[in-house]
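Enquirer: Whole structure, please, built from the sequences with the hints as guidance.
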Amino acid sequence: MTHALADTKNLLADLVRRYRSQVDYLAIRLEAAEGTDILLRGTKIETLSEGISIGGQVRACHKGGWGFASFNQLSTLSDRIEDAIAAARLVGTDETILAPIDPVQDICTLPLTGTDPRQIPLAQKKSLCQYYGGLLQSVNPKIATVSVRYGDSAQKMILATSDGTFIEQSWVDIEMRFAATARNGETVQTGRETIGSRKAYEDLMGLDEQVRSAAQRAVDSLALPPVKGNAYTVVIDPILSGLFVHESFGHLSEADMAYENPDLLEVMSLGRRFGSPELQIFDGAALEGHRGSYFYDDEGVPATTTQLIKDGVLVGRLHSRETAGKLEEAPTGNARCLNYHFPPIVRMTNTWIERGKTPVQDLFSDIKEGVYARNWLGGMTNGEMFTFTAGEAWMIRNGEIAEPVRDVTLSGNAFKTLADIEGIGDDFYWDESGGCGKGGQSGLAVGCGGPSLRIRDVVVGGEAIED
1 MTHALADTKN LLADLVRRYR SQVDYLAIRL EAAEGTDILL RGTKIETLSE GISIGGQVRA
61 CHKGGWGFAS FNQLSTLSDR IEDAIAAARL VGTDETILAP IDPVQDICTL PLTGTDPRQI
121 PLAQKKSLCQ YYGGLLQSVN PKIATVSVRY GDSAQKMILA TSDGTFIEQS WVDIEMRFAA
181 TARNGETVQT GRETIGSRKA YEDLMGLDEQ VRSAAQRAVD SLALPPVKGN AYTVVIDPIL
241 SGLFVHESFG HLSEADMAYE NPDLLEVMSL GRRFGSPELQ IFDGAALEGH RGSYFYDDEG
301 VPATTTQLIK DGVLVGRLHS RETAGKLEEA PTGNARCLNY HFPPIVRMTN TWIERGKTPV
361 QDLFSDIKEG VYARNWLGGM TNGEMFTFTA GEAWMIRNGE IAEPVRDVTL SGNAFKTLAD
421 IEGIGDDFYW DESGGCGKGG QSGLAVGCGG PSLRIRDVVV GGEAIED
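With UniProt numbering, letter number 377 in the sequence shown gets 377, and the count goes up by one each step, no holes.
The set of hints was computed from the structure by calculation and includes no laboratory data. Hints may be right or wrong, so weigh each one.
What the hints assert, rightly or not - Under the rule of at most 27 Å between Cα atoms (straight-line distance), these lysine-lysine pairs were calculated in the DSSO-like manner:
1. Lys-326 <-> Lys-438
2. Lys-142 <-> Lys-44
3. Lys-142 <-> Lys-310
4. Lys-326 <-> Lys-357
5. Lys-156 <-> Lys-438
6. Lys-126 <-> Lys-142
7. Lys-9 <-> Lys-142
8. Lys-9 <-> Lys-156
9. Lys-416 <-> Lys-368
What the hints assert, rightly or not - Distance windows between CB atoms, simulated:
10. Pro-359 <-> Ala-402: 18 to 28 Å
11. His-341 <-> Ser-276: 40 to 50 Å
12. Arg-183 <-> Glu-328: 29 to 39 Å
13. Gly-383 <-> Ala-330: 43 to 53 Å
14. Lys-9 <-> Asp-457: 41 to 51 Å
15. Glu-328 <-> Val-267: 14 to 24 Å
16. Gly-271 <-> Asn-10: 29 to 39 Å
17. Thr-93 <-> Glu-328: 14 to 24 Å
18. Thr-145 <-> Ser-276: 40 to 50 Å
19. Thr-47 <-> Pro-359: 44 to 54 Å
20. Ala-330 <-> Gly-164: 38 to 48 Å
21. Glu-288 <-> Val-315: 22 to 32 Å
Built from N, CA and C at the ideal position, the CB exists for glycine as well.
Expert: This is how it looks when you write it as structure tokens:
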């Protein structure tokens, strides 16, 4: 794989020189990937595969119009360049505006801290899935179904552009997902856990406690009462706060959402206050060792750390070169594509709320009746509106964690919820389980982080309160 890609450097340089005069911008991105996919459902292995994929994409921009073509035969590259150029020239009627960047010549690899998963035999990965599947099933006879999914991918990307950039970048990503469903009559509850890493295969070892806890949560929830639906003061743990900042606020910070929507651009105007002076929100791939980390994005822009909210005020947003150029702001290195089948679009990387100064136990004080929510089962967003389902939850009574409850969903408006944050804990946790979806590109590796948060007036759904 390495030799097949390395031998293409002169070819790409020649092709860029030959065609760059026909458009305002030309980029060729080649990609090689090899990986493993295993799915265990119950005691049966339903998927067991190893694969290699080699392909590429061409992007051309002419008078503001974009052309795109993908391929998996290098011999067709010239034809695909001509296809992309023809499409760009057909739709381009305006002006190409791309934020300027310095050309980069670099070869880089995200470092591993342990064993590369490619060094582990497929049979050993299969055995690991079966071991964890057995753990899930062994927790309680009420466990009806279990599933374990393992995936790893080693990718190498080469990018050549008409600006003079030539980058070769490599990384490895691994992930395991666990789920257990418990049943008691008509009552069904599910517990989930996901672990992801770009560091080492060893990060997937020794997960017995997390795996068992997923199944135990499902079993325990069977006997719990549903929460009474109401508006509560809520304390959420760092995993939920990371999910909240990613889903509810992070997507709104992606500049392609804003410049294509004048109403949202007005709402997301720089300098607007969204929260208390204690609130700090960031995104960036420059942090080392996280699932959203890299050296360069898929346009060749160096990774950065972008502060989105400073002291409660909106001060930044996430950009591709095009959105940065059109909004006259600096590029942030957030143009990413899932693979060569898709063009780069503005995506988050590692998104987090900075830790605060309030001791976590103090977040619960003075709450007469509230909800403490931890972990997550799922969620959805629609613009600034969100709904998340907590993995587990307890009532808060007179400042103390009280009885556990189930079926806890948290809903609200992202802007109002940011303003309603009353306390930011002094704890912090990075959740590396995220796979982000946008524009048909689902499963893009990201990191999310945050501290515990206390938020007032959160709509909590569950069992309706009787009059």
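Enquirer: Note whether the CB distance of Thr-47 and Pro-359 lies within 44 to 54 Å or breaks it.
Expert: Between Thr-47 and Pro-359, where Cβ atoms are some 46 Å apart, the hint holds.
Enquirer: Is it true that the CA of Lys-126 sits at most 27 Å from the CA of Lys-142?
Expert: 25 Å, holds
Enquirer: Lying within 43 to 53 Å: is that true of the beta-carbon distance Gly-383 to Ala-330?
Expert: 26 Å, violated
Enquirer: CA of Lys-9 to CA of Lys-142, is that 27 Å or under?
Expert: Violated. Lys-9 to Lys-142 sits at ~58 Å, over the 27 Å cutoff.
Enquirer: Using the C-beta atoms of Ala-330 and Gly-164, is the stated range 38 to 48 Å upheld?
Expert: 20 Å, violated
Enquirer: Please test the hint of 18 to 28 Å on the beta carbon pair from Pro-359 and Ala-402.
Expert: 20 Å, holds
Enquirer: Confirm or reject the claim that Glu-328 and Val-267 have a C-beta distance inside 14 to 24 Å.
Expert: Cβ of Glu-328 to Cβ of Val-267: about 19 Å, so the range 14 to 24 Å holds.
Enquirer: Mind checking the alpha carbons of Lys-142 and Lys-310 for me, to see if they're no more than 27 Å apart?
Expert: Between Lys-142 and Lys-310 the Cα gap is close to 48 Å, so the pair fails against 27 Å, i.e. violated.
Enquirer: Range hint 40 to 50 Å: satisfied by the CB atoms of His-341 and Ser-276?
Expert: Holds: the Cβ-Cβ distance is about 43 Å, inside 40 to 50 Å.
Enquirer: Between Lys-156 and Lys-438, does the CA-CA distance stay at or below 27 Å?
Expert: Within the cut-off at roughly 22 Å; holds.
Enquirer: Looking only at beta-carbon atoms, does the pair Thr-93, Glu-328 fall within the given range of 14 to 24 Å?
Expert: 21 Å, holds
Enquirer: Per the hint of 29 to 39 Å, is the separation of the Cβ atoms of Arg-183 and Glu-328 within bounds?
Expert: 57 Å, violated
Hint violations for this structure: numbers 3, 4, 7, 12, 13, 14, 16 and 20, all remaining hints satisfied.
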